[in-house]
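*Asks:* Given chain A, put chains B and C in place with the hints provided.
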Amino acid sequence: MEIFAGLMQGFALALQPANLLWCLVGVALGTVVGILPGLGPPATIAMLLPLTFLMNPASAMIMLAGIYYGAKYGGSTTSILLNVPGESASVVTCLDGYQMAKKGRAGAALGIAAIASFIAGTVGVLGLMLIAPPLARLALAFSAPEYFGLMALGLAMVVLLAGRSLVKALLSMLVGLWLAGIGTDLFSSESRFTFGRMELLSGIDFVVVAIGVFAIGEVLANLEEPAAPQTLPIPKGWRNLLPTLQDLRDCRFAFANGSIVGFLIGVLPGAGSTIASFISYGVEKAVSRRREEFGTGVIEGVAAPEGANNSETGGALVPLLTLGIPGSGTTAILLAALVLWGFKPGPLFISDNPSLFWSLVASMYIGNVMLLVLNLPLVPLFAQVLRAPAYVLFPIILGVSMVGVYSTSSSLFDVGLLAGFGLLGYLMRKLDYPNAPLILGLVLGGAMERALRQSLMMSDGSLTILFARPISAVMLSLALLILLIPVVSRVNAWRRRLLS
Amino acid sequence: MRYRSGDFWSGLALAALGGYIVSAARGWEYLGQDGPGPGFFPLWYGIAMLALSLVLIFSKKENQKIEWQGAGRAFAAWAAFAVSVAVLKLVGFLISFAVLTFFIVAVMYRRPPAVAALVAIGVAAGFWLVFPLALGVALP
Amino acid sequence: MAPKIAFLIALSLAGSAFAQGFKPTRPVEVVVHTGPGGGSDVLARAVAAMIEKESLLPVRMQVVNKAGGGSAVAAAYLAEKAGDQNTIGFFTGVWLTTPLTSNAAKVTLKDLTPISRLVLEPALIAVKADAPYRTLGDFIAAAKRNPGQLKQSGGSVTSRDNVVRQLLQKASGARWVFISFPGGGERIAALLGGHVDMMVIEPEEAGQHIRAGNLRVLAQVNETRLRGFPDVPTLREAGFDVAVVPQVRGVVAPPGIPAANVAYWEDVFRRLTRTASWKKYLEDNQFEDGYQGSAELAKFYDEFTGTMRGILQEAGIKVVR
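Chains as they are written, first to last, in the working numbering: chain A, 166 to 665; chain B, 1350 to 1489; chain C, 468 to 788.
Here chain A stands alone, though its shape is the one from the complex:
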């Protein structure tokens, strides 16, 4: 089998000591980058580009790819321990991960994140290896109407994330949609809600909102009481330092869910790991027996999104390597790197450069193993971070947030926005408005509006295009079904009252 031969060739290259070293450097650096909020793989890879000119392309690619998926592993650490999303995709991990840490199970959360990431990452590489070309062709069938269906499905998940008050969840989502709309309209160059400020012309960076609402809001909420010196209970005993067998069993579906959803969404150019982790989380919540507990520290709620954002990296490499189309910010830089090194990414890339492709694939397997080995033993170590007294930890969180936000945009205005969103996060907490729908609205709002307008442009104004095409019709129907759940349950409750 051709694939097998290629893979063997790839392993031969990837297992060379030099390449193993570069792989290790890449994944280690990626993990560190992922842990730091704000600083992400795109910036790191861009900064390392000049260095890569001194290396041979295969080794360089191995290292850069290592940074890419390594960062996904690291992103969960601060999300779980400090409620600070290390990376935009890690926001969803904060929801249940941090709650688990509050219950003293930080170690288990970190561990399951690493394990889920490993399984999903491996599935992602398998997918890349086995079904890349046909999948890429399928991805081309996706365009604006299908994206709209996907986004609508994502937003419908709000219903599942609602908690006590559906009205407040919807309001939270609408505020997110509004925030997403701030900036310059793509289709008409009209400036919306920018209040004349130049810094708002390209909109509000998601990282600023996420860190402000989650991390800073949480710190402020905690500062209400001077009493507690310890912020979170320190995990004691093996049960809480690492996931138990029961945990692993509970997460069976989550592993599959995360891997598949993440990979498929990664393949679509333009859809990102944040969407992948939200949808994976939503799916997990929808099928779980303990769906009401989601948001209070359910381990599947960590495993699914963490897996999704890892297999998404494998998925995102599919359009890059089979069509030369970058699917996300990081793959765009990888594309630029390939061009700079003199390659021509496109449909013939794999057949022109088999050894590069296969050594990359092989090194991704190796990298995933390395990351698991690196991260699991570090879990108890990371959990000890919680030992630090609150008055040291909280200033650190505030400081890291400021530095992280500044590192993405070098803009003091953004740091100011951070403070504003911190206050918003605190008020939302006090007034019992769920913050996940806000983030969901922010992430999906822009994409959804664009997709809708693009679709209507394609169909010359008629909405039927959304239902005429099979994929988008299916997704919209699913979205509608999900939206009907609360209605149905309310009708049922009302009927029960009538009958009793």
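No lab work stands behind these hints: they were computed from the structure.
Only true hints are included.
Anything over 10 Å on all C-beta distances counts as not near chain B; from chain A, calculated: (1) A177; (2) A321; (3) T409; (4) E458; (5) L539; (6) A633; (7) L645; (8) V656; (9) R660.
Keeping only pairs whose Cα atoms sit at most 20 Å apart, straight-line, the calculated DMTMM-like set for lysine to aspartate or glutamate is: (10) C:K785 to B:E1378; (11) A:K509 to C:E750; (12) A:K509 to C:E755; (13) A:K509 to C:D751; (14) A:K509 to C:E671; (15) C:K573 to C:E547; (16) C:K611 to A:D625.
From chain A, some residues computed to sit far from chain C (all C-beta separations above 10 Å): (17) L186; (18) N221; (19) L325; (20) M535; (21) L543; (22) G581; (23) L588; (24) L596; (25) L628; (26) L641.
In this text, all values refer to a predicted model and were calculated from it rather than measured experimentally.
Using N, Cα and C, we set each Cβ at its ideal position, and we do this for glycine too.
*Replies:* Chains B and C in isolation, oriented as in the chain A frame:
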């Protein structure tokens, strides 16, 4: 209708926001030559926001009593944070952050000033070591 | 004797330093308007690497990302650094068009000090390989028969993609829809997937797809035929005598710097364009050399923005400046 409840005031604020969005959206093109214009989406979610916030204001749901006791401290802490951000341009990150840390430790946690100073300097130094030195990341 | 010679040497050295005028002594800041990994950023880093390789500068170049509002934040940053002799910026077409449509983007290229224009980026008009159009004329004729039915994918409405469309529509009377996609990848995907009919694509992006047989090129947006596409007619040759509004990249500096400083930068970049690594860079990316010095660049700016204003207004886009 509960006049002092958090739901009432937040609902009011959101209704105001919704109203503002709708009025801004009216200023932009609703339906352009090639498709919906920039005013299309905002109009609809503005209306939705307005409608839902009115539902919130008039809903008779029993809402929990909000604990406003600790809020004063949280607001104070936020004010300190906001001030430290505002002076970033003037004094740079390290100084403003050290002062913020000092404030949090001494005032919020009522630890003795010596401890507060130690923590402030230690943490700021830590940041300086980790970020610009080790990682090459610029501090604000 | 010795002291006299030493004095003469010292004098001549001082004299030559005077004649040189300016020489940077600390790392040069290069401002770009994209984040790390964006088009300008990558170009800046490539240029910095080339300059270092060819020893054209005695110091390093440090890329500074000031993304936001198209070019607004980067341009404003440069304007703030008035008089700073150690900072330059890399501009692209966005720097020229953003101030035209955006109130908040107050700094135009004229407010800064133009140094040189470096690159012209040509483009190709491409359709899917199995489309029924063999020439640009076929496409336009089909668009005329079905006004508003055919679709083109491209960037924002102020991008070159749309400018080409506006010019062709005006010249031919045909009308087709322009759908904006924020990412280059999505635009190509839309074309390959058959969701749109045509696209203005860069030769680099298209090359591999043409080789693989997925795309067909109808015409090139350039004055003369590109080396890589000797069989493809230019717009004029295809029968459409429209202005070729180029996509440009170049160097700009903060306002208020002395003439010697400007001359120094001009000289560095002029020498850069003569090096072998620059020529290779142009060839790899299929760019055209569009070198213009400071004075010519200022003139180009006036012409370009004048033309753009007309085009944007005809397209129904609000022009504010």
